[in-house]
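Letter by letter, the chains look like this.
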Amino acid sequence: MTSAIPPGVPRLELSHISKRYPSVVANDDVSLIVQPGEIHAVLGENGAGKSTLMKVIYGAVHADAGEMQWNGRQVRVANPAEARRLGVGMVFQHFSLFETLSVVENIALVLDEKFDLARLAGRVKEVSERYGLPLDPYRAVHGLSVGERQRVEIVRCLLQNPQLLILDEPTSVLTPQAVLKLFETLKRLASEGVSILYISHKLHEIRALCDTATVMRSGRVTGIADPREETDASLARMMIGRELPVCHTEPYTGDAATVLTVNQLTLASDDPFGTALKDISFDVRAGEIVGIAGISGNGQAELLAALSGEHTVAPDRVVMASQPVGHLDAGQRRDHGLAVVPEERLGRGAVPGMPLWGNAILTAHRQGLRRYGLLRFGAARDFARRCIERFDVRCGGVEAAARSLSGGNLQKFIVGREIMQAPKVMVVAQPTWGVDVGASAFLRQTLIDLSRTGVGIVVVSEELDELFEICDRIAVLAQGKLSAAVPKAQTNAEQIGLQMAGLKMAGAHQDTETAHASA
Amino acid sequence: MHLLEPRPQPSRRMRWLAPLIAVGLTLVTGTLLFLALGKNPLQAFIVFFVQPLSSGYGWSELLVKASPLILIAEGLAIGYRARIYNIGAEGQLIMGALCGGGVAVLTDGMNAHWILPAMVVAGALGGAIWGGLAAWLKTRFNAVETLTTLMLAYIANYILSYMVSGPWRDPGGTNFPQSVMFGDSALFTVLIEGSRVNASVFITAAVVLAFGLYFRNSFVAYQLEVGGQAPDAARYAGFSAKATVWISFLLSGVTAGIAGVGEIAGPVGQLNLNISPGYGYAAIIVAYLGRLNPFGIVWSGFLMALLYLGGEAAQVSLQLPSAITGLFQGMLLFFLLGADAFIDNRLRRSKKAQAAKAAIQPTAAAPTSPAALPHES
Chain A
1 MTSAIPPGVP RLELSHISKR YPSVVANDDV SLIVQPGEIH AVLGENGAGK
51 STLMKVIYGA VHADAGEMQW NGRQVRVANP AEARRLGVGM VFQHFSLFET
101 LSVVENIALV LDEKFDLARL AGRVKEVSER YGLPLDPYRA VHGLSVGERQ
151 RVEIVRCLLQ NPQLLILDEP TSVLTPQAVL KLFETLKRLA SEGVSILYIS
201 HKLHEIRALC DTATVMRSGR VTGIADPREE TDASLARMMI GRELPVCHTE
251 PYTGDAATVL TVNQLTLASD DPFGTALKDI SFDVRAGEIV GIAGISGNGQ
301 AELLAALSGE HTVAPDRVVM ASQPVGHLDA GQRRDHGLAV VPEERLGRGA
351 VPGMPLWGNA ILTAHRQGLR RYGLLRFGAA RDFARRCIER FDVRCGGVEA
401 AARSLSGGNL QKFIVGREIM QAPKVMVVAQ PTWGVDVGAS AFLRQTLIDL
451 SRTGVGIVVV SEELDELFEI CDRIAVLAQG KLSAAVPKAQ TNAEQIGLQM
501 AGLKMAGAHQ DTETAHASA
Chain B
1 MHLLEPRPQP SRRMRWLAPL IAVGLTLVTG TLLFLALGKN PLQAFIVFFV
51 QPLSSGYGWS ELLVKASPLI LIAEGLAIGY RARIYNIGAE GQLIMGALCG
101 GGVAVLTDGM NAHWILPAMV VAGALGGAIW GGLAAWLKTR FNAVETLTTL
151 MLAYIANYIL SYMVSGPWRD PGGTNFPQSV MFGDSALFTV LIEGSRVNAS
201 VFITAAVVLA FGLYFRNSFV AYQLEVGGQA PDAARYAGFS AKATVWISFL
251 LSGVTAGIAG VGEIAGPVGQ LNLNISPGYG YAAIIVAYLG RLNPFGIVWS
301 GFLMALLYLG GEAAQVSLQL PSAITGLFQG MLLFFLLGAD AFIDNRLRRS
351 KKAQAAKAAI QPTAAAPTSP AALPHES
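From first to last, the protein sequence lines stand for chains A and B.
So the first sequence is numbered by this note's numbering: it starts at 1 and just counts up by one.
So the second sequence is numbered by this note's numbering: it starts at 1 and just counts up by one.
Treat the hints with care, as some may be off.
The following residues of chain B were derived to be distant from chain A, with all beta-carbon distances above 10 Å [said to hold, decoys possible]:
#: 1; residue: L3
#: 2; residue: T29
#: 3; residue: N40
#: 4; residue: P41
#: 5; residue: Q51
#: 6; residue: G102
#: 7; residue: G109
#: 8; residue: L133
#: 9; residue: R140
#: 10; residue: N142
#: 11; residue: N175
#: 12; residue: M181
#: 13; residue: S185
#: 14; residue: A233
#: 15; residue: L337
Derived contacts from chain A toward chain B, CB cut-off under 10 Å, selection only [stated by the list, open to error]:
#: 16; residue: S96
#: 17; residue: S308
#: 18; residue: G309
#: 19; residue: I361
#: 20; residue: L374
#: 21; residue: R403
#: 22; residue: G407
If you're looking for bench data, these hints aren't it; they were derived computationally from the structure.
Virtual Cβ for every residue (Gly too), placed ideally from N, Cα, C.
Starting from the given sequences, assemble the full structure and let the hints guide the process.
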């Protein structure tokens, strides 16, 4: 994976790249140099322009201005196929694999040349083992874990002998242990001369892995640093322009009655590739936040549907304030004081084409936004206006369509809409997924404050750091089974990571039993 | 790469401009068409659009044709807002006519005030049953409504054909496939002497007002719309998807069924094989041209009625084939769908100033959001 290039010539040099979209400047005069064998971090918040820049390199987006030099030669990459021919490989944040096909079939699909499936399978096996990415070429993709799917994507790139490998937020779906393994692979590749562009907003990872970091903010480069010599705080300053905000947690002093109980919930998935829930039990008390860690696809969607009422179950499987509600649908459970913030904001939490006041009615119609079967437009606008003010939603006012808001601002609106209905129990999925650092801190603090008013909150998240920051107890959902919720002081990221990988599930049930007895 | 890019905010202006653009393009293409046929376009347009309205009778005929179109389109629009594409209103109209007409046939010779109301109720039921059949197929078997409603329309036509050729054929009608002519108790009162305008227009007017003033602003309509635009959001909020399907089909079945009764108890006066010149299909265009808005549909209903009249006039004065009406209807829908793409999208432009301006454009959106097009079906 090396080529005859005179020493000293950078692998990739971008000069003055600019890319404008109708409402935003994604890249503004961005320059970047990557040396052969270098692991180069591109660090920035969501919306800082990292992904756009990578798409420019990969030929998926065309820059409005600027040039790109590849091994000392000026190039214009017309499309991803041309980028691959040059030797650029990219592993996207969201995988593009066909569930029903085998690993080797998926890999064969992207190869430009003719192939023999059996020989290709041999190469897949060889490459995957050489880089510590064990894969069975003949397994169907739907049976693979997320980490394994990522391996397929990486091996797919490696088979094309890349000189530059781009990874977009590769660890967001991995357990802490799998992250370490990935780092070993990447370091090995770098030692063989492959350059790596590593996109992330996780400071500690970048400090552990990368040689150089280019930091971006609002489409511009705000700094180039050696991350090994920086601290999290100094990198954060470059990334967001100020200190990383920290959440304040106060102990809850009110009545800690159990407000939500899930009893031995077993549920087959509607989705043929979904995960069945197996005997899930936990409870949530007023004034606490219970975190459910784990990687999506381990029953998260199914559990959320069963909690929200989008999937109804037997009455006593889900109990709210000693009232069985398992058989009630989503609307009826809301009548009992449940509020839900779903993972997908556009299309589930909000109707994309409707204005914000229309989206307020979606769940808040119970708050006097309808009368005699008619909508009260004035009340709905007023509700939306109050929500926008109280939760600092940046938007074009109550008439703005939901889809015109950024992910973080729409999330603030949805969380706000749910909180303003004074719930007794709140279920929140991936509260800060795709939300910038400032808004994330605000949302976390909002959830903490809400819980301290006596609301029981369940947070389902992939982000371990987040769960440790805001939760009182943490349980792990892996392969459809839920471990006991442990006070966060009694556990750590490593233990949770092992459970996320499904390695340590013993003792899950005794603890829930005692919890019930005490409740 | 792409000619269009999504707008951050659906364009309200474009929503109302699109029908005008569609009409304009239809006229331009029509001009070319008339030229190709060797007709003077100006004269052709006069025949088409002016001549039908040059007499009081012409205006009354406009109302006669617009009324059923508007009535059916009002019902269809409710389903279309929920993205339930009932394209078989013609079948629901026929079943409504058949049930209503059945009452008239079976009470032939009787003279009673309850006959006409009974016909309307029977027609509403007939249409509702025919629409409900498609709703049942969709909720029970997940059968695609664009297929089922269309096929049910054919079935309705065959049932009509059987009934007027067999059991309900006029014994004194020299074997023509038609029922007896209805008596006065089974006919709507003619409102204007010498015209065919009858009391059924009051039903249409009442439906327009009910849908425009009440239903459009109701929580039920909101739920239907959420179900159409974002089914997952409806599920998340706890709105029933099945209820959406049933309400949509039953309402459009009822309106189409009543429109069917309006025809047989009005201009047609009996059951025969020509009770509708494709009103059920033309109403689809009326609904979209009227932006699925209860009042917008009134305007588009009259425009479509004019196309019917103009088509008839063109056959007589210009010796054009009867297909000319369908051709104009088709062009109108075609251009409308094209223009509608610009509600949610715009042409890609590199000028950033333009883009920045468009990004935050406050709009006074109605409770009901952009009309969806059946392009996914």
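Checklist entry - Beyond 10 Å from every Cβ of chain A: is that where the Cβ of R140 (chain B) lies? => result It holds; R140 (chain B) is separated from chain A by about 17 Å at its closest Cβ, greater than 10 Å.
Item to check | Assertion that L3 (chain B) lies farther than 10 Å from chain A (Cβ) | outcome: 14 Å, holds
Checklist entry - Taking the minimum C-beta separation from N142 (chain B) to chain A, is that value above 10 Å? => result 13 Å, holds
Checklist entry - Taking the closest Cβ pair, is L374 (chain A) under 10 Å from chain B? => result With a minimum Cβ separation of about 5 Å from chain B (threshold 10 Å), the hint on L374 (chain A) holds.
Checklist entry - Was A233 (chain B) rightly flagged as not at the interface, with every chain A Cβ beyond 10 Å? => result A233 (chain B) not clear of chain A: closest Cβ-Cβ about 5 Å, inside 10 Å.
Item to check | Closest CB of chain A to the CB of N40 (chain B) still more than 10 Å away | outcome: The claim holds: N40 (chain B) sits with its nearest Cβ about 45 Å from chain A, beyond 10 Å.
Checklist entry - Per the CB criterion, is R403 (chain A) less than 10 Å away from chain B? => result Where the cut-off is 10 Å and the nearest Cβ of chain B is about 7 Å from R403 (chain A), the hint holds.
Item to check | Separation of L133 (chain B) from chain A, once the least beta-carbon distance is taken, above 10 Å | outcome: Consistent with the label, L133 (chain B) stays out of reach of chain A, its closest Cβ about 26 Å off (over 10 Å).
Item to check | Proposed interface contact between G407 (chain A) and chain B, which counts if any beta carbon pair is under 10 Å | outcome: 14 Å, violated
Checklist entry - Is the hint on I361 (chain A) kept, meaning its closest Cβ partner in chain B is under 10 Å away? => result Where the cut-off is 10 Å and the nearest Cβ of chain B is about 6 Å from I361 (chain A), the hint holds.
Checklist entry - Closest CB-CB distance from L337 (chain B) to chain A, is it above 10 Å? => result With a cut-off of 10 Å, L337 (chain B) remains clear of chain A, as the shortest Cβ separation is near 18 Å.
Checklist entry - Hey, does the G309 (chain A) contact hint survive, CB to chain B under 10 Å? => result 7 Å, holds
Violated hints for the displayed structure, listed by number in ascending order: 14, 16, 22.
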